[in-house]
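Student: The listed protein sequences derive, respectively, from chains A and B.
Heads up, the first sequence is in numbering that gives the first Met the number 0, so the first residue is 0 and it goes up one at a time.
Heads up, the second sequence is in numbering that gives the first Met the number 0, so the first residue is 0 and it goes up one at a time.
Rather than coming from a laboratory, the hints here were simulated on the basis of the structure.
The model shown is predicted, which means the values in this text are computed figures rather than measured ones.
Take these hints with a grain of salt, some might be off.
Far from chain A, some chain B residues (derived; all Cβ distances over 10 angstroms) [unchecked claim]:
id	residue
1	P27
2	T34
3	V171
4	T172
5	D184
6	V188
7	V199
8	P272
9	A301
10	F316
Quick list of the computed label-pair ranges, beta carbon to beta carbon [what the hints assert, rightly or not]:
id	chain 1	residue 1	chain 2	residue 2	range
11	A	G63	B	I12	48 to 56 angstroms
12	A	M1	B	A149	47 to 55 angstroms
13	A	P135	B	L160	43 to 51 angstroms
14	A	D109	B	S31	51 to 59 angstroms
15	A	P171	B	A293	55 to 63 angstroms
16	B	A114	A	S9	32 to 40 angstroms
17	B	S5	A	A187	37 to 45 angstroms
18	B	S159	A	G38	24 to 32 angstroms
19	A	S9	B	L160	33 to 41 angstroms
20	B	I321	A	S72	51 to 59 angstroms
Backbone N, C-alpha and C define an ideal beta-carbon position, used for all residues, glycine too.
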Amino acid sequence: MMRLEISSLSVDLGIRRVLQGIDLSLEPGRLTALIGPNGAGKTTLLRAMAGLVRPSAGEVALNGIAVARMGASERARSIAYLPQGGGVAWPLPVASVVALGRLPHREEPDRLPAHGREAVAAALLSVGLRGFETRPATALSGGERARMLLARAFATQAPVLLADEPVAALDPRHQLIVLDGLKAHARAGATVVAILHDLNLAARFADRIVLLDQGKHEASGPPEAVLTEARLASSFGIRASVATEEGRLLVVPHSPLPDA
Amino acid sequence: MLLPRSPLIPSLIALLGALSLASLVIGPASVSIPTALKALASDQGAASIVVREIRLPRTLLALMIGWIFGLSGAALQGLLRNPLADAAVFGAPQAAAFGAVLVIYSGLVGTLSWALPFAAIAGALLSIGLVVAVAGRSATIVVLVLAGLAVGSLAGAGTSLAISLSPNPFAVTEIVFWLLGSFEDRSMVHVLLAAPFILVASLLILRAASGLRALSLGEETARSLGTDVARLRGLIVAGAAIGTGASVAVAGSIGFVGLVAPHLVRPLTGYDPARTLVPAGLAGAALLLAADCAVRLIPSGAEVKVGVLTALIGVPFFLWVIARRKAELVEAPA
């Protein structure tokens with residue numbers, strides 16, 4: 000079981016400090032939603048967790064080993080990363096795109112060993128894309144493409160999965176399909192972190208919510224502890240009401256608050 | 000890993016064999032196929048001189064240069080995830096020519112010196128490096144093409160300046176014809192001058208091949224899959240620059256082979272950017288050799304320069320690709 004520990008993490012991009020002293024511990028088996036207003040540093044935090052950006056201070060460690068000091072392929076085998084709004088440059092068949100998730104295991108897409116082929120088939124099945132294997136990736140709809148890219152991340156079978164806005168620009172049905180997939184992946188034992196903008200989806204699917212604001216770790220905990228009207232006002236600058244209906248947390252934004 | 004398991008590569012090699020044979024027999028002096036083959040192996044008098052000293056060098060040069068253009072075009076298109084990428088589109092031949100012209104005008108060396116390919120490579124490296132740097136991580140096709148246009152124009156202006164300042168009209172004529180790009184009157188010395196560079200360039204690019212697959216999902220994903228994108232970029236930019244520079248140094252400015260060749264083979268390799276490389280190189284060699292045979296067959300007083308022919312075919316092709324992918328030109332980053 001892989002535990003992702005973030006300790007006193009600060010990241011500078013150019014001269015700007017984007018993340019400031021983040022401490023966070025992420026457990027396996029759980030889906031964590033990373034929320035926060037635009038520019039809060041969510042993507043930078045996710046990239047730092049994936050080892051794609053070097054911390055200026057502090058570290059991200061996976062089972063006690065600093066991600067920044069891992070070799071590229073060891074890191075890639077341990078942490079799958081799904082960037083925001085990714086596309087595919089060439090009309091590759093869907094199965095070949097998903098098979099790229101096997102590259103960290105040094106398995107080339109055109110000659111996968113049996114267990115690699117099984118991983119690809121299982122990943123396609125879990126996102127409901129069985130039967131799409133030979134379709135050109137560039138001919139898919141937005142929802143199908145998002146599911147294919149998620150399957151690509153699943154196919155690595157890494158113990159940690161980091162997804163940057165995996166449901167942005169998806170219709171409600173595909174949002175539910177993708178989040179169900181991420182949740183099931185977590186339940187199967189992975190540490191899953193997803194950046195979400197839809198607070199209702201975050202409340203519904205996340206085991207834990209982490210709120211970032213201006214590069215700082217503002218709050219974290221179960222949805223009802225983090226999503227309070229006071230915090231929505233202070234961090235997101237909105238007047239919103241939070242209600243519970245049939246045991247589900249509902250966030251209804253009303254109006255933006257004037258700039259402080 | 001790199002080779003498609005289809006009859007594509009054997010077919011391309013067979014095509015190259017046929018074209019090479021044609022290239023040995025086509026020309027003002029008529030030589031039959033059996034005589035040409037015999038002339039290669041043993042002394043057949045005049046036929047041997049024609050075949051070995053005139054037609055063999057130009058055949059070898061067209062093969063080598065077409066190969067490296069096709070290979071680097073496919074690699075640059077894979078690196079930038081952009082079907083319009085090519086050393087020629089990035090102004091590399093003009094920049095390489097400018098580097099070479101500077102060396103020639105400095106009066107230090109003649110056109111058959113080792114300094115020439117090095118100067119041309121420096122020019123090509125500068126232009127490809129500049130365009131890749133300007134284009135950055137997620138440049139649109141428009142940014143890429145405009146950056147290439149700017150670099151090519153700058154290098155062209157530099158060459159024009161050097162020509163217009165030249166005190167010697169004969170040198171000017173010589174340079175202008177050399178700039179047009181041709182395999183006419185090339186000797187084995189030219190072949191030997193370019194061969195080591197083209198070999199190095201091929202090795203650099205082929206080392207980068209498998210990384211291109213991960214890159215088709217974008218740089219961030221490729222890095223998260225363990226691909227060293229900076230190394231990949233370095234290998235391909237260096238390989239394309241060395242290949243283009245060495246080619247321009249011996250044959251002048253020949254463009255657009257690298258743009259066209261990958262498009263011809265891509266549907267046959269399942270659009271896999273890694274498996275496209277070798278077939279694109281072979282297709283490039285076939286294209287350029289066919290073009291060089293064609294210029295010898297076109298009835299005209301002086302031979303049409305092969306660089307002119309490749310541009311005449313390549314530019315409309317370039318426009319066709321743009322027209323077909325107009326939607327992407329407007330929105331998507333490469």
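Student: Against this structure, judge whether each hint is valid.
Tutor: Against the structure, the hints come out as follows:
1. P27: B/P27 clear of chain A: closest Cβ-Cβ about 45 angstroms, beyond 10 angstroms.
2. T34: Given a closest Cβ separation of 45 angstroms, the condition holds.
3. V171: About 44 angstroms separates B/V171 from the closest Cβ of chain A, which puts it past 10 angstroms; holds.
4. T172: The claim holds: B/T172 sits with its nearest Cβ about 45 angstroms from chain A, beyond 10 angstroms.
5. D184: 41 angstroms, holds
6. V188: 41 angstroms, holds
7. V199: 25 angstroms, holds
8. P272: The assertion about B/P272 is violated, with a minimum of 6 angstroms to chain A.
9. A301: Since the minimum Cβ distance to chain A is about 42 angstroms, B/A301 lies beyond 10 angstroms and the statement holds.
10. F316: 19 angstroms, holds
11. A/G63 to B/I12: 48 to 56 angstroms: 54 angstroms, holds
12. A/M1 to B/A149: 47 to 55 angstroms: 49 angstroms, holds
13. A/P135 to B/L160: 43 to 51 angstroms: 48 angstroms, holds
14. A/D109 to B/S31: 51 to 59 angstroms: Taking Cβ atoms as reference, A/D109 and B/S31 lie about 44 angstroms apart, which means the hint is violated.
15. A/P171 to B/A293: 55 to 63 angstroms: 59 angstroms, holds
16. B/A114 to A/S9: 32 to 40 angstroms: 51 angstroms, violated
17. B/S5 to A/A187: 37 to 45 angstroms: For B/S5 and A/A187 the Cβ distance comes to about 38 angstroms; the hint holds.
18. B/S159 to A/G38: 24 to 32 angstroms: 48 angstroms, violated
19. A/S9 to B/L160: 33 to 41 angstroms: 51 angstroms Cβ-Cβ, so the 33 to 41 angstroms window is violated.
20. B/I321 to A/S72: 51 to 59 angstroms: 38 angstroms, violated
When the structure is compared with the earlier hints, violations turn up for hints 8, 14, 16, 18, 19, 20 and for no others.
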